[in-house]
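There are 2 protein chains.
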Amino acid sequence: MAATHTDKAFEQDLRNLREKLLAMGAKVETLISQSTRALTDRDSALAEQVVGADREVNRLEVDIDDLCRRILALRQPAASDLRLITTALKIVTDLERIGDLAVNIAERAMDLNQAPPLAPYVDTPKLAELAQQQVKKALDAFVSGDAAKAEDVLKGDDLLDALFLKIFNELLAYMMEDSRNIRRATALMFIAKHLERIGDHALNVAEMVIYMVRGKDVRHPRSRDLE
Amino acid sequence: MAATHTDKAFEQDLRNLREKLLAMGAKVETLISQSTRALTDRDSALAEQVVGADREVNRLEVDIDDLCRRILALRQPAASDLRLITTALKIVTDLERIGDLAVNIAERAMDLNQAPPLAPYVDTPKLAELAQQQVKKALDAFVSGDAAKAEDVLKGDDLLDALFLKIFNELLAYMMEDSRNIRRATALMFIAKHLERIGDHALNVAEMVIYMVRGKDVRHPRSRDLE
Numbered sequence: 001m002a003a004t005h006t007d008k009a010f011e012q013d014l015r016n017l018r019e020k021l022l023a024m025g026a027k028v029e030t031l032i033s034q035s036t037r038a039l040t041d042r043d044s045a046l047a048e049q050v051v052g053a054d055r056e057v058n059r060l061e062v063d064i065d066d067l068c069r070r071i072l073a074l075r076q077p078a079a080s081d082l083r084l085i086t087t088a089l090k091i092v093t094d095l096e097r098i099g100d101l102a103v104n105i106a107e108r109a110m111d112l113n114q115a116p117p118l119a120p121y122v123d124t125p126k127l128a129e130l131a132q133q134q135v136k137k138a139l140d141a142f143v144s145g146d147a148a149k150a151e152d153v154l155k156g157d158d159l160l161d162a163l164f165l166k167i168f169n170e171l172l173a174y175m176m177e178d179s180r181n182i183r184r185a186t187a188l189m190f191i192a193k194h195l196e197r198i199g200d201h202a203l204n205v206a207e208m209v210i211y212m213v214r215g216k217d218v219r220h221p222r223s224r225d226l227e
Numbered sequence: 001m002a003a004t005h006t007d008k009a010f011e012q013d014l015r016n017l018r019e020k021l022l023a024m025g026a027k028v029e030t031l032i033s034q035s036t037r038a039l040t041d042r043d044s045a046l047a048e049q050v051v052g053a054d055r056e057v058n059r060l061e062v063d064i065d066d067l068c069r070r071i072l073a074l075r076q077p078a079a080s081d082l083r084l085i086t087t088a089l090k091i092v093t094d095l096e097r098i099g100d101l102a103v104n105i106a107e108r109a110m111d112l113n114q115a116p117p118l119a120p121y122v123d124t125p126k127l128a129e130l131a132q133q134q135v136k137k138a139l140d141a142f143v144s145g146d147a148a149k150a151e152d153v154l155k156g157d158d159l160l161d162a163l164f165l166k167i168f169n170e171l172l173a174y175m176m177e178d179s180r181n182i183r184r185a186t187a188l189m190f191i192a193k194h195l196e197r198i199g200d201h202a203l204n205v206a207e208m209v210i211y212m213v214r215g216k217d218v219r220h221p222r223s224r225d226l227e
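Read top to bottom, the protein sequences are chains B and L.
Using full-length UniProt numbering, the first residue of the first sequence is number 1, and each one after it goes up by one.
Using full-length UniProt numbering, the first residue of the second sequence is number 1, and each one after it goes up by one.
Treat the hints as calculated values from the structure; they're not laboratory data.
Mixed in with the good hints, there may be bad ones.
Below, a sample of chain L positions facing chain B; criterion: calculated Cβ distance under 8 Å [said to hold, decoys possible]: (1) 72; (2) 78; (3) 93; (4) 176; (5) 186.
List of simulated lysine-lysine pairs, DSS-like, C-alpha gap at most 30 Å [to be verified]: (6) 193(L) / 136(B); (7) 166(B) / 137(B); (8) 137(L) / 193(B); (9) 137(B) / 126(B); (10) 27(B) / 193(L); (11) 90(B) / 136(L); (12) 166(B) / 193(L); (13) 137(L) / 193(L); (14) 90(L) / 137(B); (15) 126(B) / 193(L); (16) 90(L) / 193(B); (17) 166(L) / 193(B); (18) 137(L) / 90(B); (19) 137(B) / 193(L); (20) 90(L) / 155(B); (21) 90(B) / 20(L); (22) 90(L) / 27(B); (23) 193(B) / 136(L); (24) 166(B) / 166(L); (25) 193(L) / 90(B).
We treat Cβ as the ideally placed atom computed from N, Cα and C, and that holds for glycine.
Looking at chain B on its own, in the form it has when it is part of the complex (with noise of 0.2 Å):
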């Protein structure tokens, strides 16, 4: 059957919608590189910036949101477009609470750079770089359907959660050496759990996309296939 208009405006749509999450994924990834970069350059106009950017990426949200709803009510789309477009609905909540996360870590950086440095912050922005990645792959996995892909992010996910046990434990000891670093680890730690969730969030991404791709659901244990 050749392309009718009707199929020609829904590619459009589809088109559109991967343009815009790949934006707000750009932007969100940028949030999390910005917020570290404020905590270990010691930079608070650099995390103003960042709770002030925080009201594009909403937009954003709200602007996909809006889209999908549109292509729900005007294009109807059935098997695995409407699997697409769900899945989509689901995943701009997750990159909005991303968003969240980074201005979380950017008022906490505020806080410590009024007080003297704790340490080098070694593993913080390996941490910040892994759970970047982690979103980045995910969504790429999205847009391009690659399941593959999408479990890499999978896997990823073990490597994010022991570098965080390891600066919590870091942490841990810098307290207990002298009670006068406690507030300051205790902010740094909260940092690193930010971080851990941002993994999360790219690592409950993922699943959706091979649940997407596969039919098969890999959010839990017992997966089973669709109907």
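Fit chain L to the supplied structure of chain B, relying on the hints for placement.
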């Protein structure tokens, strides 16, 4: 126009969806209170029960997702019905994450139960109760399409944040007092943080309900009308 066969089937689908969401909500509320009791009553068997019950929550998530997709495909709802279904798709993700957070609390409780108790956990159960009420209220607001109730949830979040901060500062004081408290106080901090995050999920649900009912977005400062 008299109700057609399709209308009736659609109504039945929506009733089914609401019931399933309420069942999932009741389940995660139970997990919140059980995970906290596992801590305060030092009951690791109960904690294990929470970890095990998460599977049921996950099954409910998959069920509800499938039901939403089926309704979208078969009934092709428009306007407010479409908004209801797409909101349900998002809410179910929040409920599942709340279940995950209850599991995280239960796991920390199991760790803590192996050491002598740090102090009476006075405010932790109160924080858990608040979080649980917020979840219940947000979900009731969704099921009854009650924007005023959803606004109550928005207001309630400040209380929850204030209580979290109080607990956080108390634990910080314990840590500074005696370095032998640090490990346990840190674990309790994370538990309090998990409860505060549960409150955030309730807040997210409430914001989506207001959008669904009023067609206004309160998720983000600059609310706007639907087209």
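Status of the hints after comparison with the structure:
| no. | hint | verdict |
| --- | --- | --- |
| 1 | 72 | holds, 6 Å |
| 2 | 78 | holds, 6 Å |
| 3 | 93 | holds, 6 Å |
| 4 | 176 | holds, 5 Å |
| 5 | 186 | holds, 7 Å |
| 6 | 193(L) / 136(B) | holds, 27 Å |
| 7 | 166(B) / 137(B) | holds, 24 Å |
| 8 | 137(L) / 193(B) | holds, 28 Å |
| 9 | 137(B) / 126(B) | holds, 16 Å |
| 10 | 27(B) / 193(L) | holds, 26 Å |
| 11 | 90(B) / 136(L) | holds, 22 Å |
| 12 | 166(B) / 193(L) | holds, 20 Å |
| 13 | 137(L) / 193(L) | holds, 20 Å |
| 14 | 90(L) / 137(B) | holds, 22 Å |
| 15 | 126(B) / 193(L) | holds, 24 Å |
| 16 | 90(L) / 193(B) | holds, 24 Å |
| 17 | 166(L) / 193(B) | holds, 20 Å |
| 18 | 137(L) / 90(B) | holds, 22 Å |
| 19 | 137(B) / 193(L) | holds, 28 Å |
| 20 | 90(L) / 155(B) | holds, 25 Å |
| 21 | 90(B) / 20(L) | holds, 19 Å |
| 22 | 90(L) / 27(B) | holds, 22 Å |
| 23 | 193(B) / 136(L) | holds, 27 Å |
| 24 | 166(B) / 166(L) | holds, 28 Å |
| 25 | 193(L) / 90(B) | holds, 24 Å |
Violation of the numbered hints given earlier is absent; every hint is satisfied by the structure.
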